[in-house]
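Engineer: Chains W and R, in that order, give the protein sequences.
One point on numbering: in this note's numbering, the residue at position 79 of the first sequence is 137, and numbering is uninterrupted.
One point on numbering: in this note's numbering, the residue at position 38 of the second sequence is 1061, and numbering is uninterrupted.
None of these hints come from the bench; they were simulated from the model.
Wrong hints could be hidden among the right ones.
[To be verified] Sample of chain R residues facing chain W (criterion: CB under 7 Å; computed from the structure):
{"hint": "1", "residue": "Phe1120"}
{"hint": "2", "residue": "Asp1168"}
{"hint": "3", "residue": "His1305"}
{"hint": "4", "residue": "Leu1323"}
[What the hints assert, rightly or not] Coverage of chain R stretches by chain W, computed from C-beta distances (three or more under 8 Å per stretch; other residues unrestricted):
{"hint": "5", "segment": "1094–1104"}
{"hint": "6", "segment": "1137–1145"}
It should be emphasised that the depicted structure is a prediction, and the values quoted were computed from it without experimental measurement.
Every residue gets a Cβ at the ideal spot worked out from N, C-alpha and C, and that includes glycine.
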Amino acid sequence: MNIVVCVKHVPNPDLPMVVDPQTRRLVRNPAESVLDTADEYGVELALQLVEQHGGEVTVVTMGPPAADDALRRALAMGANHAVHIQDDALAGSDALGTARALAAAIRPLAPDLVICATESTDAYSGMVPGALAELLDLPQLTFAREASVEGDTLTVKRAVDTGIQTLQASLPALVSVTASIAEPRYPTFRGLMQAKRVQVDTKTLADLDLDAAQVGEAGAQERVTAIASETVEKQGVKIYDEGGDSVEQIIAYLKRIEVI
Amino acid sequence: MAARRVWVWVEVDSDGGPHKLSLELLTLARSLGTAEAVVLHPQAAGTVAALGEHGAAVVHLGDDARFGHYVVDPQVATLAAMLEAERPDLVLFPSMFAARDIQARLVGKLGLGAIANATGVRYEGDQIVVTTPYGAETVGTVTLDNAGPHLVQIRPKAFAVEAVGGNAEVRSVAAAIDDGALRVRLLGTEEATAEGPNLEDAEVIVSGGRGLGTADNYVLVEELAAQLGGAPGATRAIVDAGWVPYSHQVGQTGKVVKPNLYIACGISGAIQHLVGMGGSAHIIAINTDEDAPIFDVADLGVVGDALTIVPALTARLREEM
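Work out the full structure: start from the sequences and follow the hints.
Structural biologist: In structure tokens form, the structure reads like this:
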């Protein structure tokens, strides 16, 4: 089967998030950015599925030149091909613009399965997978903690408030995955060497036949008007335990937040 | 000028009533204009009284059986038709799986602007102004340029549930469903297993760190987690030390979790750990070092020995629950 995994190069989440007050965009320092760990689960699922059923894995990203690093990491894990959507006019894209660009790059690949993370670690709107599924006219099976394919049937399990749901759809389909889906493998030395040699397929807006008014800052309807670096100080309470007396205070707190 | 029409997408709870997160949104909706609930579910009729009680002036009710047999597609098709026909100013979605699926799909289908993870909505003239937190220390103010309807997802507990009394007018919704477009079948829902939820799904997580002293003491964390119906977590330090498997690790290189309650036992709060759990709605930290960074993110910080407090708390909860 032919699988596409959407991946993103995100600022290292160990470091504090910095927003540029002028552009009101997240500051993305390429040297301090990584393949989103949330995407590694999807890459792993794709690799496992092609190990079982045959086929190839293509990773797709949208981002500045440095995002190549995220693709190389996925290639080192074992993905076969990579597509890099790269165009200055894409800067400032909102979720819809991002989904439009991804859809344009993925459509000609005619994959059996598209895999996304549930949400990115930096923007975490969670809007891209669903919008992408709609634009590609694919059924969407989201928040998967287990996914399996038999013939052309995709079965997904996910945890919701009421229990574990089992969802099923025919391929082609889009699935978004949680961290429960698979334990991502570490790239081998051989994988790292091979990843360097893969020719990444770079696509501009013109290559994708996309209108600049539909994507990027120009196409974005969501506009950040202000950024306040207000420290959200937790109005936390600190108590000192004396011979176990804190237990009653913890109980009172649990009742207040309705956990018990 | 007519009052703004603010729709609230309603999730139906397992007990048949409206989910609490949807009721929270009615509080916001009432403050912005006329609150109207949208319930597309086979048992939708059971929610009407409670929705009226919480301030919905109108309930748009669709109870086609197909809303229960399939996910996303029938709701999206019906809601898209309703939005095109009625053009409400704003649709509020709770931060729940089904709601997010539907909202995201509508973004692609209708080309509408949308905002997720919002904590507030107001209007400046005709301009919608939405606040969303960016990480832990920055708050953004976001607007949408399109004419609307605007689709905004609100975080849990941003607003309180308020019973204000009232009766909703019920308007029947014709399901705009093309059977050929129903693609994601719901085969069934199993009750969650008795062994407790895993980390990503848990509403309560109790985690342990180096402060527990030895691997044997991790059982105290597991017992408290089990008592609260939650999942046990761990820091990288004790995973690296081999006390517990990697699958328990919360943090940047482990799992990023956002439970309703996170209890950190004997955890100092390295940045790598804080990144993984800082988004939890409520945080209790128990640690002997009063200067530990974990106390900076804790709602309730307990300076004391987790080895004595945690088992005492578990025992006390057994009496209580």
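Engineer: Each hint should be assessed against the structure and marked as holding or not.
Structural biologist: So, going through the hints one by one against the coordinates:
Hint on Phe1120/R holds. Least Cβ distance to chain W is approximately 5 Å, under the 7 Å limit. Checking Asp1168/R against chain W: minimum C-beta separation of about 5 Å stays under 7 Å; hint holds. Because the beta carbon of His1305/R sits about 5 Å from the nearest beta carbon in chain W, less than 7 Å, this interface hint is met. Because the closest C-beta pair between Leu1323/R and chain W is about 5 Å apart, less than 7 Å, the hint holds.
Three residues within the 8 Å Cβ limit are the bar, and the segment 1094–1104 of chain R against chain W gives 4, so the coverage statement holds. For the segment 1137–1145 of chain R, the assignment as covered by chain W holds, since 4 residues bring a beta-carbon within under 8 Å of that chain's beta-carbons and 3 suffice.
Consistency note: the structure conflicts with none of the earlier hints.
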